[in-house]
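J.: Each chain is listed here by its residues.
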Amino acid sequence: MTTELKIYPKVKIAPHSILDSINTKVIVRNENCIACGTCESVCINKAHTRPRGYNTVITLPEKCEFCGKCVENCPMNALSIERNMLMDVMGDSRWTPELIISTWKQASTGSSPTSIECEVGRSGGGFDRLHFKFRDRAVKKEYVDTSIELNKRESGPRIRIDVPWYGGGMSYGSISKNVMLARAIAAKEWNTFTCTGEGGYPEELVPYKDHVITQIATGLFGVSEETIKRARIVEFKYAQGAKPGLGGHLLADKVTPDVAKMREVVPYRSLFSPFPFHSVYSIEDHKKHVDWVRAIKPELVVSAKVSTPSDVDMVAIGVYYAGANIVHIDGGYGGTGAAPNIAKKNIAMPLEYAIPKVHRFLEHEGVRDEIVLIASGGIRSVYDIAKAIALGADGAVIGTAELVALGCRRCGNCESGRGCPLGIATTDPELSCEIDVDWASQRLINLFASWKEQLVEILRKVGVESVEELRGRTDLLRYEGAKI
Amino acid sequence: MDRRYPSKVRRSVALSRYREILYEVLRRCPKTSGKNQKYVFAGWGDDIPEPLKAQTLVVDAKDFPQEGPESLSRFVVRAVKEGWKDFILFNLRGHRFVACGLQKSHGISIHVYGSSGDYLASGLMGAEVYVHGNAQDQVAQIIKDGKLVVYGDVGQALLYGAKGGEVYIMGSTAGRPLINAVGCPRVVINGTCLDYLAESMMAGDPLKGGGFAILNGITFDERGRITELPEPYPGGNLFSLASGGAIYVRDPYFKVGEDQLNGGKITTLTEEDWNLIEPYLRENERLFGIPVERLLTVEGKIRKPWEVYRKVEVSPLRALQSLNALGES
Numbered sequence: 000m001t002t003e004l005k006i007y008p009k010v011k012i013a014p015h016s017i018l019d020s021i022n023t024k025v026i027v028r029n030e031n032c033i034a035c036g037t038c039e040s041v042c043i044n045k046a047h048t049r050p051r052g053y054n055t056v057i058t059l060p061e062k063c064e065f066c067g068k069c070v071e072n073c074p075m076n077a078l079s080i081e082r083n084m085l086m087d088v089m090g091d092s093r094w095t096p097e098l099i100i101s102t103w104k105q106a107s108t109g110s111s112p113t114s115i116e117c118e119v120g121r122s123g124g125g126f127d128r129l130h131f132k133f134r135d136r137a138v139k140k141e142y143v144d145t146s147i148e149l150n151k152r153e154s155g156p157r158i159r160i161d162v163p164w165y166g167g168g169m170s171y172g173s174i175s176k177n178v179m180l181a182r183a184i185a186a187k188e189w190n191t192f193t194c195t196g197e198g199g200y201p202e203e204l205v206p207y208k209d210h211v212i213t214q215i216a217t218g219l220f221g222v223s224e225e226t227i228k229r230a231r232i233v234e235f236k237y238a239q240g241a242k243p244g245l246g247g248h249l250l251a252d253k254v255t256p257d258v259a260k261m262r263e264v265v266p267y268r269s270l271f272s273p274f275p276f277h278s279v280y281s282i283e284d285h286k287k288h289v290d291w292v293r294a295i296k297p298e299l300v301v302s303a304k305v306s307t308p309s310d311v312d313m314v315a316i317g318v319y320y321a322g323a324n325i326v327h328i329d330g331g332y333g334g335t336g337a338a339p340n341i342a343k344k345n346i347a348m349p350l351e352y353a354i355p356k357v358h359r360f361l362e363h364e365g366v367r368d369e370i371v372l373i374a375s376g377g378i379r380s381v382y383d384i385a386k387a388i389a390l391g392a393d394g395a396v397i398g399t400a401e402l403v404a405l406g407c408r409r410c411g412n413c414e415s416g417r418g419c420p421l422g423i424a425t426t427d428p429e430l431s432c433e434i435d436v437d438w439a440s441q442r443l444i445n446l447f448a449s450w451k452e453q454l455v456e457i458l459r460k461v462g463v464e465s466v467e468e469l470r471g472r473t474d475l476l477r478y479e480g481a482k483i
Numbered sequence: 000m001d002r003r004y005p006s007k008v009r010r011s012v013a014l015s016r017y018r019e020i021l022y023e024v025l026r027r028c029p030k031t032s033g034k035n036q037k038y039v040f041a042g043w044g045d046d047i048p049e050p051l052k053a054q055t056l057v058v059d060a061k062d063f064p065q066e067g068p069e070s071l072s073r074f075v076v077r078a079v080k081e082g083w084k085d086f087i088l089f090n091l092r093g094h095r096f097v098a099c100g101l102q103k104s105h106g107i108s109i110h111v112y113g114s115s116g117d118y119l120a121s122g123l124m125g126a127e128v129y130v131h132g133n134a135q136d137q138v139a140q141i142i143k144d145g146k147l148v149v150y151g152d153v154g155q156a157l158l159y160g161a162k163g164g165e166v167y168i169m170g171s172t173a174g175r176p177l178i179n180a181v182g183c184p185r186v187v188i189n190g191t192c193l194d195y196l197a198e199s200m201m202a203g204d205p206l207k208g209g210g211f212a213i214l215n216g217i218t219f220d221e222r223g224r225i226t227e228l229p230e231p232y233p234g235g236n237l238f239s240l241a242s243g244g245a246i247y248v249r250d251p252y253f254k255v256g257e258d259q260l261n262g263g264k265i266t267t268l269t270e271e272d273w274n275l276i277e278p279y280l281r282e283n284e285r286l287f288g289i290p291v292e293r294l295l296t297v298e299g300k301i302r303k304p305w306e307v308y309r310k311v312e313v314s315p316l317r318a319l320q321s322l323n324a325l326g327e328s
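Read top to bottom, the protein sequences are chains A and B. Take 0 as the starting number for the first sequence in numbering that gives the first Met the number 0 and just add one per residue. Take 0 as the starting number for the second sequence in numbering that gives the first Met the number 0 and just add one per residue.
For reference, chain A alone in the conformation it holds in the complex (with noise of 0.2 Å):
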């Protein structure tokens, strides 16, 4: 068997001063520490040091493995290992501190930590109750395929993306032109797709045109022939699972002249964005969609995303016959700061429930392999993206994984004010500087770099040689606590 081997983007070290310096430990040094230089020595990674010119001797925790070598050699019994107690104050039990870390340890290196839970969170429930049941086969690496096709239907052009997954819609306006043009230079370097959201299509996305998803959603902001016929994807955005019914509304301090200008809008005035099209409020109404941007351009691909309804079965497979080429089911666990949490808790239904439930139905119906299914919402690890596939799903949408990579810590304030103090999810344009679109991009060329290396490990240890054959594997995982 020979495999073409591709050659992808090359992982190169991407550091951020202070995240680097984080763990979910701490080495503490207390007032017994008479700088002899024990620890210094013993250290194999210099995790110890004594500046020039100065008599103490201080630890660099982004340096640090947490072995314990030094803590066990200290003549003065001078330094322990501590939890670090930025682990009480970050994140939530989805997004754990672990999972942040572990995200922003793979941004900066390319690789996954051994010392960090990168799989779970601590919600309990969904994902992070199913595990795999590893076999540990012996699948040469080489030869395990982590590509999906993006189209099944015999008619239309095939795009084939190297890894399952790809970005979801985040507008300008949610976020900074800097971050969706590091999302779309990612995009590229690893043959995926990123998503403009509703905000417009800024100009200096076009050079990456061929891997940027244009999304018409309900408030038609930045929608134009122009914008449509550049896409090779068009993606309607029916509902967000994070709010399912609610629509969207960017508030006035967001919308900055440049915001204002893509949109066409007045500045500093809220935007709304309604729910649900109002054009749209029937299956058939969605098909006279879709014939819409075929007839502005006829090889494009259609992909609907809608939120999961109890019925989310019935919506797929109508999608499916008014002609798209992607359901794209959104579950609740996602969304920014900017979604209401009456809104994500209590609305759309799980999204591991939905995946097999439309998934099977699409079987049923004799249309799977003529469709391709993709889930998002609360997508937050490599992990969560093999599941989903074994639950049925054919690839995964990222978004907060992708903020996450570039610094977020998930405080919710994506909407108040000028937005994010990190210069991530804002349009302020003395904070969007704080994100390099260099580094931005390398740190999402790396997190994907470390996901696939992650994939390959998952899918050789379950047995598989590509990511299409692990789809609706359901027998390959375990439910934690389940009565067998």
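Any given hint might turn out to be false.
[Stated by the list, open to error] Simulated crosslink set (DSS-like; lysine-lysine; CA at most 25 Å straight-line): (1) A:K260 / B:K207; (2) A:K208 / B:K80; (3) A:K296 / B:K61; (4) A:K9 / A:K208; (5) B:K37 / A:K296; (6) B:K80 / A:K228; (7) A:K228 / B:K52; (8) B:K80 / B:K103; (9) A:K11 / A:K187; (10) B:K254 / B:K207; (11) A:K45 / A:K11; (12) A:K45 / A:K62; (13) B:K37 / B:K61; (14) A:K296 / A:K208; (15) A:K260 / B:K146; (16) B:K52 / B:K146; (17) B:K146 / A:K228; (18) B:K207 / A:K296; (19) A:K296 / B:K146; (20) A:K296 / A:K344; (21) B:K84 / A:K228; (22) B:K7 / B:K52; (23) A:K140 / A:K187; (24) A:K132 / A:K356; (25) A:K260 / B:K103; (26) A:K24 / A:K62; (27) B:K34 / B:K103; (28) A:K187 / A:K132; (29) B:K103 / A:K296; (30) B:K61 / A:K286; (31) A:K11 / A:K140; (32) A:K187 / A:K296; (33) A:K9 / A:K140; (34) A:K208 / B:K103; (35) B:K207 / B:K303; (36) B:K146 / B:K84.
[Unchecked claim] Rough simulated footprint, nothing fancy, chain B against chain A, three-plus residues with beta-carbon under 8 Å: (37) 215-222; (38) 266-277; (39) 280-291; (40) 295-301.
No lab work stands behind these hints, which were simulated from the structure alone. Note that CB positions come from ideal geometry on N, CA and C, so glycine has one too.
Keeping the supplied structure of chain A fixed, place chain B upon it in accordance with the hints.
T.: Relative to chain A, chain B alone:
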């Protein structure tokens, strides 16, 4: 067809006969283009003829599929690529997406006869489209530039998400026109509409290049005379939650009330407003034969514009007002 005249037969009967004759005349246009020939005919299955200067392509839509790669809409797109600029499309039977997919299309004009389908002129970017009859739903969605003239009524969600362009509607529209319109669309609706006119409109300040709609609240009686509708706007949620743009309502009897709004406010027309809208009303007069002076006439007397028209404009939301007050304090 485009005007209202007194007639001894029902208008629909007269129009049916007129259409038969018009279509027969159009079908007799030659298929091949030659010098001194103004019109060239094409039908389903015909190759697109080579255009000569100032020629009009006359297309019988009858056997074209209503949608899809071989549809009338795609035929027009291909003809534009071949160099055609002027079109008469006739005998439409629900053919959809007419004038879609043309992209930047300044200098192109399309006249449509028959029963046009939905999404007509959606995404228009410069062309002029004249619909000689009624139009359907989702007309001129996301229109960016160009001109649309409808000699009849229009269905739901006219100009949804519009960014610009000039639109003239001889009759009325169904619900939800101009929802989420941004940029600078300029619209004249001579009749009325059901409800939710310009909900969430975000089209800037009309006096500084933003968008607006003029609602005249008139109709034609059986003898083709202009008459007043009982109410210029009978529905609710007029201009609700809008943060830009304006509605100019011809409302000499002050029938539109604040209870029909949701966030906007009714103000008096200024001279500046009138200077802005008068050219559009003059063009409306040219297109539909609705004299500006007649629009200003109330109970037999020509009035000042601000006695006849009222302006619905943006009002800061109460929630935001209180925030501002907090900020100021």
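J.: Does each hint hold? Answer for all of them.
T.: Tested hints:
The suggested pairing of A:K260 with B:K207 holds, with an alpha-carbon distance near 14 Å, which does not exceed 25 Å. Proposed proximity of A:K208 and B:K80 is supported: the alpha carbons are some 23 Å apart, at most 25 Å. A C-alpha spacing of about 23 Å is found between A:K296 and B:K61, which places the hinted pair at or below 25 Å, so the restraint holds. Taking the CA atoms of A:K9 and A:K208, the gap is near 22 Å; set against the 25 Å cutoff, the hint holds.
As the CA atoms of B:K37 and A:K296 are separated by approximately 31 Å, the hinted pair breaks the 25 Å bound. Restraint check: the Cα-Cα separation between B:K80 and A:K228 comes to about 15 Å, which is no more than 25 Å; the hinted pair holds. Between A:K228 and B:K52, the direct Cα distance comes to roughly 29 Å. Violation of the 25 Å bound is thereby established for this hinted pair. Using a Cα cut-off of 25 Å, the hinted pair B:K80 and B:K103 holds, with the two alpha carbons roughly 12 Å apart.
Between A:K11 and A:K187 the CA atoms are separated by roughly 17 Å; this keeps the pair inside 25 Å, and the hint holds. Annotation: proposed proximity of B:K254 to B:K207 is violated, straight-line Cα distance about 28 Å (limit 25 Å). Taken as a hint, the A:K45 and A:K11 pair is honoured in the structure, with Cα atoms around 21 Å apart against an allowance of 25 Å. Among the hinted pairs, A:K45 with A:K62 is consistent with the structure: their alpha-carbon atoms are about 7 Å apart, no more than 25 Å.
At roughly 22 Å between alpha-carbon atoms, B:K37 and B:K61 fall within 25 Å of each other, so this suggested pair holds. For the proposed pair A:K296 and A:K208, the alpha carbon gap of about 15 Å is at most 25 Å, so the pair holds. As the CA atoms of A:K260 and B:K146 are separated by approximately 23 Å, the hinted pair is consistent with the 25 Å bound. For the suggested pair B:K52 and B:K146, the alpha carbons sit about 22 Å apart, so the restraint of at most 25 Å is met.
Between the alpha carbons of B:K146 and A:K228 the distance comes to roughly 21 Å, so the proposed pair stays at or under 25 Å and holds. For the hint pairing B:K207 with A:K296, the CA-to-CA distance comes to about 35 Å; that exceeds 25 Å, so the pair is violated. Of the supplied pair hints, the one linking A:K296 and B:K146 holds, its CA atoms being roughly 22 Å apart against a limit of 25 Å. The straight-line distance between the Cα atoms of A:K296 and A:K344 is roughly 38 Å, outside the 25 Å bound, and the hint therefore fails.
Between the alpha carbons of B:K84 and A:K228 the distance comes to roughly 21 Å, so the proposed pair stays at or under 25 Å and holds. About 42 Å separates the Cα atoms of B:K7 and B:K52, which puts this hinted pair outside 25 Å; it is violated. Between A:K140 and A:K187, the direct Cα distance comes to roughly 24 Å. Compliance with the 25 Å bound is thereby established for this hinted pair. In summary, the hint linking A:K132 to A:K356 is supported, as the alpha carbons are separated by about 22 Å, within the 25 Å threshold.
Note on A:K260 and B:K103: the hinted pairing holds, with a Cα-Cα distance of about 20 Å set against a maximum of 25 Å. Taking the CA atoms of A:K24 and A:K62, the gap is about 12 Å. The hint holds against a cut of 25 Å. At most 25 Å may separate the alpha-carbon atoms for a hinted pair to count; B:K34 and B:K103 exceed this at roughly 28 Å. Among the hinted pairs, A:K187 with A:K132 is inconsistent with the structure: their alpha-carbon atoms are about 33 Å apart, more than 25 Å.
With a C-alpha separation of about 14 Å, the suggested pair B:K103 and A:K296 falls inside the 25 Å cut-off, and the hint holds. For the proposed pair B:K61 and A:K286, the alpha carbon gap of about 23 Å is at most 25 Å, so the pair holds. For the given pair, A:K11 sits about 22 Å from A:K140 by alpha-carbon distance, which is consistent with the 25 Å threshold. Annotation: proposed proximity of A:K187 to A:K296 holds, straight-line Cα distance about 22 Å (limit 25 Å).
The hinted pair formed by A:K9 and A:K140 meets the criterion: a straight-line CA distance of about 18 Å does not exceed 25 Å. The straight-line distance between the Cα atoms of A:K208 and B:K103 is roughly 19 Å, inside the 25 Å bound, and the hint therefore holds. This hinted pair checks out: B:K207 and B:K303 have alpha carbons roughly 23 Å apart, not beyond 25 Å. Our distance criterion of 25 Å between C-alpha atoms is met by B:K146 and B:K84, whose separation comes to about 15 Å.
Here's how the region 215-222 of chain A fares: 5 of its residues keep a CB closer than 8 Å to some CB of chain B, so the rule of at least three is met and the hint holds. Residues of the region 266-277 of chain A with a Cβ under 8 Å from some Cβ of chain B number 7, which satisfies the need for three, so the listed coverage holds. Beta-carbon proximity to chain B at under 8 Å applies to 3 residues in the region 280-291 of chain A; the threshold of 3 is reached and the given coverage holds. Taking a C-beta to C-beta cut-off of 8 Å, the region 295-301 of chain A contributes 3 residues in contact with chain B, enough for the three needed, and the coverage statement holds.
Comparing the model with each earlier hint shows violations of hints 5, 7, 10, 18, 20, 22, 27, 28; every other hint is respected.
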